[in-house]
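For reference, the chains in residue letters:
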Amino acid sequence: AQTVTQSQPEMSVQEAETVTLSCTYDTSENNYYLFWYKQPPSRQMILVIRQEAYKQQNATENRFSVNFQKAAKSFSLKISDSQLGDTAMYFCAFMRYGGSQGNLIFGKGTKLSVKP
Amino acid sequence: ETGVTQTPRHLVMGMTNKKSLKCEQHLGHNAMYWYKQSAKKPLELMFVYNFKEQTENNSVPSRFSPECPNSSHLFLHLHTLQPEDSALYLCASSQVGVFGLNSPLHFGNGTRLTVT
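So the protein lines, in turn, are chains A and B. Heads up, the first sequence is in my numbering, so the first residue is 495 and it goes up one at a time. Heads up, the second sequence is in my numbering, so the first residue is -1 and it goes up one at a time.
In isolation and in its complexed conformation, chain A is listed as follows:
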């Protein structure tokens, strides 16, 4: 069975600085997807970034980038130039390639606070 671990329940960062959120996972699969979702107080889960395991290049989306280390089963999220609107819960998630649709395995989340 797959598991996703986020070891940092809470983090804080000063506005305009950079922060890295950690995520590790356990799987015996070779092909899979990894995601970071953001859940602000509005409660909507918003996709931040997605990584296909077969791609060696790390995904980037504007100020968000990942450090995907497949051998180490690590998938950290780096947020550059943090903004107040980045304050939210961040969830790391795993999905097996070709697996049951929507069967995302989520971590417990990291609460990020961006301070002015």
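Just so you know, the hints here were simulated from the structure itself, not pulled from any lab data.
The calculated lysine-lysine pairs, modelled on DSS-like cross-linking and capped at a C-alpha distance of 25 Å, are:
#, chain 1, residue 1, chain 2, residue 2
1, B, Lys39, A, Lys602
2, A, Lys567, B, Lys38
3, B, Lys17, B, Lys50
4, B, Lys39, A, Lys572
5, A, Lys609, B, Lys38
6, A, Lys605, B, Lys39
7, A, Lys602, A, Lys567
Dock chain B against chain A, hints included.
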């Protein structure tokens, strides 16, 4: 503006009540999902509907009864719930492509359910 709309936003019900949660997606997706988000636990997949057919029931108690009349609407009928069922219930949709490949999930804002 979210492409997935959930109503009501908040719901308080007694253990003997019957109520329904509604979800509507405006994205033209062909798959819809119910997730449960409890405090201090990872997000849990409950049900999956693919082209209006239920393709997954993640060992959910029968007091939760899903209904998917078409690919744009999804309901979760609730009856005889327990206090431990209090949680945030999130609906999501995605486009399932060939070989089961999924577009990323799009979530609604959830219904905060309190069972008294």
